[in-house]
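> Start from the sequences, fold in the hints, and give me the full structure.
Protein chains: 4
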Amino acid sequence: MKRISVYQVSVEFGDCDPAQIAYFPNFFRWYDASSRKFFIDCGVAPWRELEKTTGIIGTPVVEASSRFILPTSYGDTLHVHTSIDEWREKSFVMTHALRREGELVAEGRDVRIFAIRHPEDSARIKAVPVPEHIRRLCS
Amino acid sequence: MKRISVYQVSVEFGDCDPAQIAYFPNFFRWYDASSRKFFIDCGVAPWRELEKTTGIIGTPVVEASSRFILPTSYGDTLHVHTSIDEWREKSFVMTHALRREGELVAEGRDVRIFAIRHPEDSARIKAVPVPEHIRRLCS
Amino acid sequence: MKRISVYQVSVEFGDCDPAQIAYFPNFFRWYDASSRKFFIDCGVAPWRELEKTTGIIGTPVVEASSRFILPTSYGDTLHVHTSIDEWREKSFVMTHALRREGELVAEGRDVRIFAIRHPEDSARIKAVPVPEHIRRLCS
Amino acid sequence: MKRISVYQVSVEFGDCDPAQIAYFPNFFRWYDASSRKFFIDCGVAPWRELEKTTGIIGTPVVEASSRFILPTSYGDTLHVHTSIDEWREKSFVMTHALRREGELVAEGRDVRIFAIRHPEDSARIKAVPVPEHIRRLCS
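Protein chains in written order, with our numbering: chain L, 1 to 139; chain U, 140 to 278; chain E, 279 to 417; chain P, 418 to 556.
In short, the hints are calculated from the structure, not lab data.
A portion of the hints provided could be inaccurate.
No more than 25 angstroms apart at the CA atoms, straight line, and that leaves these computed lysine to any residue pairs for SDA-like [stated by the list, open to error]:
no.	chain 1	residue 1	chain 2	residue 2
1	U	176	P	488
2	E	330	E	382
3	U	141	U	256
4	P	507	E	382
5	E	404	P	431
6	P	469	L	56
7	L	37	L	135
8	L	90	U	208
9	L	52	P	469
10	L	126	P	466
11	E	315	E	399
12	E	280	E	322
13	U	265	L	88
14	U	229	U	218
15	E	330	U	236
16	P	419	P	516
17	U	191	E	280
18	U	176	U	260
Since we're looking at a predicted model, the values are computed, not measured.
Below you can see the structure in the form of structure tokens.
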């Protein structure tokens, strides 16, 4: 049984574009918020706490994709159902199902790494192996 | 020879997140701005003009993806190189190469349709065949 | 007794900037979402419905201001307390108190109009007198 | 003679809302980008460099306001004309005139501080006196 975390989205007027529908880059914002909630729900400390103890600054996205199935607009309440579908050595795959009541509005998938600041250049980041205690909390 | 359009991005402080790097949903905003510029550069009228004559309200994205290769932060000047890689009957595929000087920072790809408002429900949209005169302008 | 509507905000990682705090233009997004909720809570139809019957496309902001009192960051849950403080002939004044538990995080104020599309140029908008039935619903 | 810095904005489809006009919180993003450009144009180092030498993480906004005079929409090219109107001991006042060719589209004003991380709690920030060398560069 894999863990699923659910994040609620209220689609706002300001999320919509002149075509009257939610502007698609916002879907990635919602997937990302749901990703963070997933880790919090699993008991992982907020990134700013984790940085102090492990140097990890978050889980930057190295690949992201989405299919947009139904339009959504302001006034809609949506739910993102997020889970981890695959653990790799230095990355992991998250999937997001965005639902409005019974309907599937969109589906997202992203590949993320656990990152620390690059020891030689703080403007760069560096992948580290998935920390074992985090993997255990999330499984 | 396919047409390529170039859109310039100035990465701003407000585009960056607590990890000090540009927040990834913004890349999709930049690809989308470059997509609109592509059509303008080809001589297609702005969507709001096109709607009056053809009912077309724009080119909603039905699939979008990106690989994020190098981090970027405020102060960087980037260029999105956008082209159409494939025309299908009711959709088309755009690709976006995001560059900082010589380096490839990210690569995006989206599948888009030409849409009109749904005749029976203005909250919905409906794909129409790619208009021949637009395809000619963009080829 | 004036009506007060409360809108809940979950501050997300993507709302924060490299200083690790919520980026200030987002506060105006939150005030605006709370403004829309205020009208819905009062029983006013969504703008897209109202446009069909009255031509009104929303309540564009003609002036907006905010004081930022305490920083807030991802993981915080905030509440915007919104009310109408003054009705004028063609505009009205809304105030927004953004709270985190007992604390006042920020205070906003905006002047808004009820707008229709300009009859001679659909790219422009035009203020109309505050509709009496809306004023009654909101008082 | 006070210094004026000019920042160019290309209004995008994704900056606009269902009323077809630029969504007002974006104006504050543009003012803020112009504010950062002002300091760069004056020869002040980027915040991430300044933090290393002075601890200063930027110029958080403590008050912001704007009047919105004319609507603007995608396809418009705008220019923000930014200057510092007043230096106070621990803050300063910036004004922004947003223009489209000859026309004034909006006017903004913000009060900002120079901030460092709070020595006792890195989640908080703390105002410091305006650094004399920065004031000199900007005058």
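> Confirm or reject each hint.
For each hint, the structure was consulted:
{"no.": "1", "hint": "U:176 x P:488", "verdict": "holds (21 angstroms)"}
{"no.": "2", "hint": "E:330 x E:382", "verdict": "violated (39 angstroms)"}
{"no.": "3", "hint": "U:141 x U:256", "verdict": "violated (30 angstroms)"}
{"no.": "4", "hint": "P:507 x E:382", "verdict": "holds (22 angstroms)"}
{"no.": "5", "hint": "E:404 x P:431", "verdict": "holds (23 angstroms)"}
{"no.": "6", "hint": "P:469 x L:56", "verdict": "holds (20 angstroms)"}
{"no.": "7", "hint": "L:37 x L:135", "verdict": "holds (15 angstroms)"}
{"no.": "8", "hint": "L:90 x U:208", "verdict": "holds (15 angstroms)"}
{"no.": "9", "hint": "L:52 x P:469", "verdict": "holds (19 angstroms)"}
{"no.": "10", "hint": "L:126 x P:466", "verdict": "holds (20 angstroms)"}
{"no.": "11", "hint": "E:315 x E:399", "verdict": "violated (30 angstroms)"}
{"no.": "12", "hint": "E:280 x E:322", "verdict": "holds (16 angstroms)"}
{"no.": "13", "hint": "U:265 x L:88", "verdict": "violated (40 angstroms)"}
{"no.": "14", "hint": "U:229 x U:218", "verdict": "violated (29 angstroms)"}
{"no.": "15", "hint": "E:330 x U:236", "verdict": "violated (42 angstroms)"}
{"no.": "16", "hint": "P:419 x P:516", "verdict": "holds (19 angstroms)"}
{"no.": "17", "hint": "U:191 x E:280", "verdict": "violated (44 angstroms)"}
{"no.": "18", "hint": "U:176 x U:260", "verdict": "violated (30 angstroms)"}
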